[in-house]
Amino acid sequence: MFIINAQISEKIELGHNIFLFKMFCPEIASSAEPGQFLNLRINETYFPLLRRPFSVCDISGDHFYILFSPFGEGTKQLAKKSVGDNIDTHGPLGKGFNYKGEYETAVIVAGGLGSAPFPFVTRKINNKKDIISFVGGRSQKDVITYGMENVSTSTDDGSEGFEGTVVDLLETKVDELKSKNVKVFGCGPTPMLKALQSFCSKNNFDCEISTECAMACGFGICQGCPIEQTEYKDQYLLVCSDGPVFNAKDVVL
Amino acid sequence: MSKVDMSVQVGPLKLRNPVMLASGCVGYGNEISEYTDLNTIGGIVTKSISLKPRKGNPPQRIVETTGGMLNAIGLTNVGVEEFVNSKIPFLKKFDVPVICNIAASTVKEYVECTQILTTEETIKAFEINVSCPNVREGGLQFGNNVKEVGKVTGKVRAVTEKPLIIKLSPNVSYISEFAKVVKKEGGDAVSAINTLMGTAFDINTRKPKIQNVNGGLSGPAIKPVAMAKVLEISRNVDIPVIGIGGIMSWKDVIEFMIVGSSAVQIGTLNFIDPSAPGRIVKELEDYCAQNGMTRISDLTASYVID
Numbered sequence: 001m002f003i004i005n006a007q008i009s010e011k012i013e014l015g016h017n018i019f020l021f022k023m024f025c026p027e028i029a030s031s032a033e034p035g036q037f038l039n040l041r042i043n044e045t046y047f048p049l050l051r052r053p054f055s056v057c058d059i060s061g062d063h064f065y066i067l068f069s070p071f072g073e074g075t076k077q078l079a080k081k082s083v084g085d086n087i088d089t090h091g092p093l094g095k096g097f098n099y100k101g102e103y104e105t106a107v108i109v110a111g112g113l114g115s116a117p118f119p120f121v122t123r124k125i126n127n128k129k130d131i132i133s134f135v136g137g138r139s140q141k142d143v144i145t146y147g148m149e150n151v152s153t154s155t156d157d158g159s160e161g162f163e164g165t166v167v168d169l170l171e172t173k174v175d176e177l178k179s180k181n182v183k184v185f186g187c188g189p190t191p192m193l194k195a196l197q198s199f200c201s202k203n204n205f206d207c208e209i210s211t212e213c214a215m216a217c218g219f220g221i222c223q224g225c226p227i228e229q230t231e232y233k234d235q236y237l238l239v240c241s242d243g244p245v246f247n248a249k250d251v252v253l
Numbered sequence: 254m255s256k257v258d259m260s261v262q263v264g265p266l267k268l269r270n271p272v273m274l275a276s277g278c279v280g281y282g283n284e285i286s287e288y289t290d291l292n293t294i295g296g297i298v299t300k301s302i303s304l305k306p307r308k309g310n311p312p313q314r315i316v317e318t319t320g321g322m323l324n325a326i327g328l329t330n331v332g333v334e335e336f337v338n339s340k341i342p343f344l345k346k347f348d349v350p351v352i353c354n355i356a357a358s359t360v361k362e363y364v365e366c367t368q369i370l371t372t373e374e375t376i377k378a379f380e381i382n383v384s385c386p387n388v389r390e391g392g393l394q395f396g397n398n399v400k401e402v403g404k405v406t407g408k409v410r411a412v413t414e415k416p417l418i419i420k421l422s423p424n425v426s427y428i429s430e431f432a433k434v435v436k437k438e439g440g441d442a443v444s445a446i447n448t449l450m451g452t453a454f455d456i457n458t459r460k461p462k463i464q465n466v467n468g469g470l471s472g473p474a475i476k477p478v479a480m481a482k483v484l485e486i487s488r489n490v491d492i493p494v495i496g497i498g499g500i501m502s503w504k505d506v507i508e509f510m511i512v513g514s515s516a517v518q519i520g521t522l523n524f525i526d527p528s529a530p531g532r533i534v535k536e537l538e539d540y541c542a543q544n545g546m547t548r549i550s551d552l553t554a555s556y557v558i559d
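Protein sequences, first through last, are from chains E and F. Numbering-wise, the numbering used here puts 149 at position 149 of the first sequence, and it's gapless, one number per residue. Numbering-wise, the numbering used here puts 292 at position 39 of the second sequence, and it's gapless, one number per residue.
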């Protein structure tokens, strides 16, 4: 884990209010794993005060990428930063996806900004396993397929791809998925992850999900990001250090 | 060797420097030890320990507010037994005074907890948390009642000879009344302040932003309040004060010492920059050296008020 400056080398606007920042930082680029996150101190003042967590979106050479949409104060300020600016970065943090395993086909399921960790997952898995990706959003502008392979899309309003949720779309492919030895990797809003959890449980698919929760520190000391366990109810796990990626059967959303 | 004597005395507790790590903001030391060398800081105050493990509050526990953050963790901790078995062995490896923070729902529980832990050699002092705003029982029900704070202090005093610090709540009108009763009942020092009670609401859903509704406010937003409380105690009661509340830099430490703190604790800053405490110690030493000071402890209560 590092607390280190990462320099913005490129700002890419992927679509409507969706940014991809390419950041130079060899230390993090060489040590991050898919599904881990970085905690960025947006500026040195106290507004915002706390760091903001971002998935490691991708790694290329000495650079890492983050994907975000300016929504809160932190991301709004981040979007205004310029190429050449340094961002104080803490990471890589947390436990990522266990993408190695015995399965044959990776089924990637993303909702909205939940696409963020999957370019890196895709890069790591590519050529070793088959990949099928399902990407959903409320409407066409929210569907982010950057860096993903073999993509089917869905939108709530039908403006792109299948009309319905991304898990509804998965339901239509269930026979095909059952004929393969699959592992499901999911990231997105909690209602989507809940639906995915129940879909995978019903069909007996091994599934890992990347969860989110407001957190202060990102490395286990504040105890601010509890998540309920399925089995052991006396104690919460922490999203930041026990996760953010969990096996879907281990946690209650 | 440094020319500046950085050591401070908090009642009977001697620290190599005034920079301590605050309870609830360092866990049990293991995570933060990767960023700050625990052998360089003044002391570490553990996460509150209770007799039995506590699961804590459901999410959402944290929300950022302007210049601060609200938390309602709910005293999540592993309980005395697990603390002794798995946390103390880690802390033992360092040459740093470990101050054990204790939380409880009843006076009896405070006493039992202290009795068990007082035999642990690694624990150099106790800090009694009578001021957590985030639990139904045992937090502010003690913290804003002078009699109860006196009772807890006296009963715990009776079962330990180790330095006894009482962590006070700012959610009271006259904090010095509490410091007075702590002194009267045999407490060695007070920590001031715990978090301020606060809340925040979502304007769309009209629901509280944290599940517990109220939380404890910490961070730079509370520094002026904390300093006023430290000053009030310093001017009215002859008891050592450990200043806590929104310290973000070495300058804040100096300010807290000027208004009467013998030592300080760093809390929220650890979440943002866990390497800061070690750096602050060095910066304080530089400040003292540059200002021709021989002892940092000379700063304590050095305020000039005309």
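None of these hints come from the bench; they were simulated from the model. Note that this is a predicted model, so its numbers are computed, not measured. Heads up, the beta-carbon is just placed ideally off N, CA and C, and yes, glycines get one too. Warning: the hint list may mix true and false statements.
[Unchecked claim] Taking lysine-lysine pairs in the DSS-like style, the calculated list, with each CA pair at most 30 Å apart, reads:
no.: 1; chain 1: F; residue 1: K404; chain 2: F; residue 2: K346
no.: 2; chain 1: F; residue 1: K460; chain 2: E; residue 2: K76
no.: 3; chain 1: E; residue 1: K81; chain 2: F; residue 2: K256
no.: 4; chain 1: E; residue 1: K180; chain 2: F; residue 2: K267
no.: 5; chain 1: F; residue 1: K308; chain 2: E; residue 2: K81
no.: 6; chain 1: E; residue 1: K95; chain 2: F; residue 2: K415
no.: 7; chain 1: E; residue 1: K233; chain 2: F; residue 2: K504
no.: 8; chain 1: E; residue 1: K194; chain 2: F; residue 2: K415
no.: 9; chain 1: E; residue 1: K194; chain 2: F; residue 2: K460
no.: 10; chain 1: E; residue 1: K95; chain 2: F; residue 2: K308
no.: 11; chain 1: E; residue 1: K249; chain 2: F; residue 2: K462
no.: 12; chain 1: E; residue 1: K95; chain 2: F; residue 2: K361
no.: 13; chain 1: E; residue 1: K233; chain 2: F; residue 2: K415
no.: 14; chain 1: E; residue 1: K11; chain 2: E; residue 2: K80
no.: 15; chain 1: E; residue 1: K95; chain 2: F; residue 2: K504
no.: 16; chain 1: E; residue 1: K249; chain 2: F; residue 2: K308
no.: 17; chain 1: E; residue 1: K233; chain 2: F; residue 2: K361
[To be verified] Which stretches of chain F does chain E cover? Using the computed rule of at least three CB atoms under 8 Å from a CB of chain E, they are:
no.: 18; region: 256-266
no.: 19; region: 319-331
Evaluation of the provided hints:
| no. | hint | verdict |
| --- | --- | --- |
| 1 | F/K404 - F/K346 | violated, 35 Å |
| 2 | F/K460 - E/K76 | holds, 24 Å |
| 3 | E/K81 - F/K256 | violated, 43 Å |
| 4 | E/K180 - F/K267 | violated, 66 Å |
| 5 | F/K308 - E/K81 | violated, 40 Å |
| 6 | E/K95 - F/K415 | violated, 40 Å |
| 7 | E/K233 - F/K504 | violated, 44 Å |
| 8 | E/K194 - F/K415 | violated, 51 Å |
| 9 | E/K194 - F/K460 | holds, 22 Å |
| 10 | E/K95 - F/K308 | holds, 22 Å |
| 11 | E/K249 - F/K462 | holds, 28 Å |
| 12 | E/K95 - F/K361 | violated, 41 Å |
| 13 | E/K233 - F/K415 | violated, 36 Å |
| 14 | E/K11 - E/K80 | holds, 10 Å |
| 15 | E/K95 - F/K504 | violated, 37 Å |
| 16 | E/K249 - F/K308 | holds, 21 Å |
| 17 | E/K233 - F/K361 | holds, 27 Å |
| 18 | 256-266 | violated (count 0) |
| 19 | 319-331 | holds (count 7) |
When each numbered hint is compared with the structure, violations occur for hints 1, 3, 4, 5, 6, 7, 8, 12, 13, 15 and 18.
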